[in-house]
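**Q** Based on the sequences and whatever the hints tell you, model everything.
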Amino acid sequence: MTAIEVPEVDYTEYSNRQLVLVPLAVLALAIVVIGGWYAVTGAPATLGLEFTGGVELRIADDGSGDVEERIETAFDREPDSIRSIPADDVYVVTFQAADDDPDGLASDLQDQADAAGLSTEAIDQVSASFASDTARTAIFGIGLAFLGMSVLVFALFRTFVPSIAVVASAFSDLVIPVAAMNLLGIEMTLGIVAALLMIIGYSVDSDILLNNSVLRRTGEFYESVNRAMRTGVTMTVTSMAAMIVMAVVATLFGIGLLRDIGIILAIGLCADLMNTYLLNVALLRWYKFEGVKR
Amino acid sequence: MFERVKENWRVLLLVVVVLGSTVALFAPQFAPQTAPGESQGDATQGITNLQYGLDLAGGTRIRAPLLGYTATGVSFDGENPSQVASDVAAELEDTSTVDVNAVLNAEGGSEVEVTDASVSESEFRAAMDASGYAYDGIRSGVTQESRDAAEQVIQDKINEAGLSGGSVQQVQSITGEYFLLIEVPGQGRQDVIDLLEERGTVQIAIAYPNSSADDGTAVEEEVLTQDDFEDIGTASRREGTSGAYVPVSVINEAPEGETSPAHRFQNAATEYGVASTSGGARCNYDMEADALGEGSDSCLLLVVDGEVVNAFGMEDGLARSMASGGWADSGNFRLTTTSFADAQTISINLRAGALPAELDISGQGTSSTISATQGENFRLYSAITGVFAVFAVAGMVFLRYREPKVALPMIVTALAEVYALLGFAALVGYPLELAVIAGFIAVVGTGVDDLVIIADEVMSEGEVNSRTVFDSRFRRAFWVIGAAAATTIVAMSPLMVLSLGDLSGFAIFTILGVLIGVLVTRPAYGDILRRLLTVR
Numbered sequence: 001m002t003a004i005e006v007p008e009v010d011y012t013e014y015s016n017r018q019l020v021l022v023p024l025a026v027l028a029l030a031i032v033v034i035g036g037w038y039a040v041t042g043a044p045a046t047l048g049l050e051f052t053g054g055v056e057l058r059i060a061d062d063g064s065g066d067v068e069e070r071i072e073t074a075f076d077r078e079p080d081s082i083r084s085i086p087a088d089d090v091y092v093v094t095f096q097a098a099d100d101d102p103d104g105l106a107s108d109l110q111d112q113a114d115a116a117g118l119s120t121e122a123i124d125q126v127s128a129s130f131a132s133d134t135a136r137t138a139i140f141g142i143g144l145a146f147l148g149m150s151v152l153v154f155a156l157f158r159t160f161v162p163s164i165a166v167v168a169s170a171f172s173d174l175v176i177p178v179a180a181m182n183l184l185g186i187e188m189t190l191g192i193v194a195a196l197l198m199i200i201g202y203s204v205d206s207d208i209l210l211n212n213s214v215l216r217r218t219g220e221f222y223e224s225v226n227r228a229m230r231t232g233v234t235m236t237v238t239s240m241a242a243m244i245v246m247a248v249v250a251t252l253f254g255i256g257l258l259r260d261i262g263i264i265l266a267i268g269l270c271a272d273l274m275n276t277y278l279l280n281v282a283l284l285r286w287y288k289f290e291g292v293k294r
Numbered sequence: 001m002f003e004r005v006k007e008n009w010r011v012l013l014l015v016v017v018v019l020g021s022t023v024a025l026f027a028p029q030f031a032p033q034t035a036p037g038e039s040q041g042d043a044t045q046g047i048t049n050l051q052y053g054l055d056l057a058g059g060t061r062i063r064a065p066l067l068g069y070t071a072t073g074v075s076f077d078g079e080n081p082s083q084v085a086s087d088v089a090a091e092l093e094d095t096s097t098v099d100v101n102a103v104l105n106a107e108g109g110s111e112v113e114v115t116d117a118s119v120s121e122s123e124f125r126a127a128m129d130a131s132g133y134a135y136d137g138i139r140s141g142v143t144q145e146s147r148d149a150a151e152q153v154i155q156d157k158i159n160e161a162g163l164s165g166g167s168v169q170q171v172q173s174i175t176g177e178y179f180l181l182i183e184v185p186g187q188g189r190q191d192v193i194d195l196l197e198e199r200g201t202v203q204i205a206i207a208y209p210n211s212s213a214d215d216g217t218a219v220e221e222e223v224l225t226q227d228d229f230e231d232i233g234t235a236s237r238r239e240g241t242s243g244a245y246v247p248v249s250v251i252n253e254a255p256e257g258e259t260s261p262a263h264r265f266q267n268a269a270t271e272y273g274v275a276s277t278s279g280g281a282r283c284n285y286d287m288e289a290d291a292l293g294e295g296s297d298s299c300l301l302l303v304v305d306g307e308v309v310n311a312f313g314m315e316d317g318l319a320r321s322m323a324s325g326g327w328a329d330s331g332n333f334r335l336t337t338t339s340f341a342d343a344q345t346i347s348i349n350l351r352a353g354a355l356p357a358e359l360d361i362s363g364q365g366t367s368s369t370i371s372a373t374q375g376e377n378f379r380l381y382s383a384i385t386g387v388f389a390v391f392a393v394a395g396m397v398f399l400r401y402r403e404p405k406v407a408l409p410m411i412v413t414a415l416a417e418v419y420a421l422l423g424f425a426a427l428v429g430y431p432l433e434l435a436v437i438a439g440f441i442a443v444v445g446t447g448v449d450d451l452v453i454i455a456d457e458v459m460s461e462g463e464v465n466s467r468t469v470f471d472s473r474f475r476r477a478f479w480v481i482g483a484a485a486a487t488t489i490v491a492m493s494p495l496m497v498l499s500l501g502d503l504s505g506f507a508i509f510t511i512l513g514v515l516i517g518v519l520v521t522r523p524a525y526g527d528i529l530r531r532l533l534t535v536r
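Quick note, the sequences are listed as chains A and B, same order. When we follow full-length UniProt numbering, the leftmost residue of the first sequence carries the number 1, and every step to the right adds one. When we follow full-length UniProt numbering, the leftmost residue of the second sequence carries the number 1, and every step to the right adds one.
If you're looking for bench data, these hints aren't it; they were derived computationally from the structure. If you're wondering where the values come from, they're calculated on a predicted model, not measured in any experiment. A few of these clues could be false.
[What the hints assert, rightly or not] Okay, the calculated bits of chain B under chain A, using three or more residues with CB under 8 Å as the criterion:
1. 390 to 400
2. 435 to 444
3. 488 to 500
Beta carbons are placed, not taken as given, at the ideal position from N, Cα and C, and that holds for glycine.
**A** See the structure below:
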């Protein structure tokens with residue numbers, strides 16, 4: 001039996017312009033989606049509890065069959081969402097922060113749940129002002145990580161075009177998952193922030209591999225690209241498999257943090273495949289055959 | 001022999017790390033420390049020495065700021081801090097002196113805080129302006145001293161309640177605001193809030209010489225109880241001395257026909273010889289014997305939950321104003337001590353568990369509670385998730401290489417990395433949380449990535465038949481791995497220090513995993529691969 005091989009792509013059939021077109025179009029689309037989201041909702045993504053403030057309760061399903069109806073009637077306030085997690089026998093009920101009366105909301109809700117005979121397994125309460133602080137910290141953290149990565153990449157390669165190719169594809173790798181989240185209706189959570197930071201670290205790997213193969217190794221350009229691609233695609237697909245499995249299993253069990261990290265990394269790595277082997281390759285080819293001569 | 005060790009030292013290092021992790025995970029010497037009154041079995045969760053955080057064991061985490069405003073860089077114009085505090089308080093309606101504290105620090109770092117939650121920032125600003133003291137600016141939050149006091153109060157309460165593993169610490173957000181982070185395993189949200197709001201009983205008694213008693217001491221109980229105090233300030237330093245004091249004020253108003261607490265205290269102090277027209281009592285109380293020492297005057301006793309925690313005399317000026325009957329009109333006095341630490345203890349005791357400022361949980365804080373059963377479920381589920389993720393990686397690697405010689409060591413090496421991280425967690429007692437588990441899975445992902453780079457690089461361009469060929473290829477692969485590791489570390493390091501939920505655990509373990517990978521496991525995989533490929 002032969003091993004599964006990464007297919008070789010004949011890049012000579014496509015011009016640089018053609019190669020760059022797809023990733024740039026996707027990036028533009030993603031930016032439009034995020035921009036539109038910002039214009040309509042006032043935030044670049046649908047913000048989860050940790051960024052808006054509110055209360056999330058996990059209520060045990062006692063098997064009586066009418067828990068969902070009881071949840072709907074138990075609280076004075078209308079829950080913003082009720083999700084069922086069958087594998088864990090719980091319902092996740094969320095309430096957005098009330099502007100009028102944030103005080104004691106979590107305690108009130110717990111009392112109301114107790115009064116209705118519902119047993120709460122977990123309560124998360126985030127106040128609105130803490131949430132906005134968290135959002136600022138998260139943006140700051142992502143910005144800092146991206147900046148640090150960019151500086152490091154420039155220090156490693158010391159040439160402008162190959163370095164900017166890595167930074168550009170990393171940027172696109174960050175933006176595309178956020179746009180995808182909006183379209184899929186996934187809320188921005190702390191887990192997603194962690195995943196975005198992880199994308200900065202992960203996605204750069206295959207770009208570095210490609211640049212290293214083309215710039216620092218002897219051999220013909222297309223041979224170098226294909227060699228890097230064989231390794232790089234294996235890496236990325238392996239990581240994607242792990243993340244998809246993690247997302248699926250964690251969704252079944254209702255572990256939000258692991259699910260969020262899994263989904264976003266899977267999308268980010270997918271975007272990375274496209275950006276590395278279309279955008280980055282095209283930029284490198286231009287640099288190798290035309291840019292250097294100037 | 002020595003040659004072989006030298007040749008395979010990378011593999012040996014990996015073996016040593018794995019053995020070390022096994023010891024850290026299972027040896028009873030590394031078991032978690034027990035809290036007072038807790039058996040070893042209670043402290044150890046499961047068969048390993050691993051400790052679990054709140055989301056995997058159940059418990060409550062509260063993160064909230066202390067309410068108040070602080071004026072920074074205040075110029076005291078040579079006044080003493082208490083004068084400054086009372087000047088500022090005078091400009092605030094319905095706010096007594098003890099809700100305003102002034103802290104004298106060197107080099108323009110002096111601060112004035114207001115801990116009355118009903119005072120708004122603009123009101124405080126107006127009061128500062130009206131008081132005439134120059135200041136740099138106003139920030140929300142309280143002073144370092146008050147935060148430390150609050151932290152101490154909460155820690156004491158957690159210890160007293162015998163809640164093992166409970167902790168409190170100060171964390172700072174990027175906007176510079178301070179939060180108290182309180183974690184109590186195994187307790188529900190309401191239980192913890194009740195604990196934070198609970199107060200012990202405090203009273204002030206007077207011990208006076210009585211020759212008919214066995215130990216020569218008689219005690220007049222409950223001269224003041226905690227309900228008699230209007231306010232209790234935070235400990236302050238006395239200027240120019242090493243001493244300190246706690247400002248307190250006693251209620252000096254009473255309904256018609258009754259004596260106010262302040263008047264009652266004044267009368268008792270005079271009656272039992274603490275205060276007289278000639279001056280105040282010099283106290284020498286023997287805490288061991290619970291009696292007045294040799295030649296001691298009467299003493300004021302601070303009694304917390306039935307136990308005498310401190311005894312003190314009275315300053316002459318105060319004593320004279322008590323003896324003349326004028327003191328009760330204001331009701332303010334200072335409990336003086338010889339050290340700042342004592343003053344802090346007294347302040348905390350007098351408050352009997354009340355925090356120096358209000359902990360704003362619902363307004364600006366977060367809280368999260370997970371029941372023990374839910375925590376245990378999460379523990380199982382996250383383990384299952386991790387195992388599935390590893391299977392996915394293993395499956396992909398086998399599909400790609402179809403050669404157990406390459407793939408199997410890859411999986412084993414990646415797992416060794418996680419095992420080493422678990423050992424590290426057990427060694428330093430870092431509690432495992434969902435975020436840490438996510439970090440483990442990320443480590444498996446990056447780890448295998450790098451092993452793929454090594455394998456592909458080594459096996460490219462035909463057979464590996466000599467050590468030199470192998471080494472040069474391995475070194476080439478390592479440049480990429482090193483660069484990739486560096487970017488991951490750079491990308492994750494902000495998360496390690498920023499206060500973003502419990503994500504610092506994710507960052508710490510991802511970075512640690514990358515480091516162990518680059519320094520130990522990936523070189524070892526190279527050696528294993530070399531043996532398998534070059535030795536026929």
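**Q** Looking back at the hints listed earlier, which ones does the structure fail to meet?
**A** Of the numbered hints, all hold.
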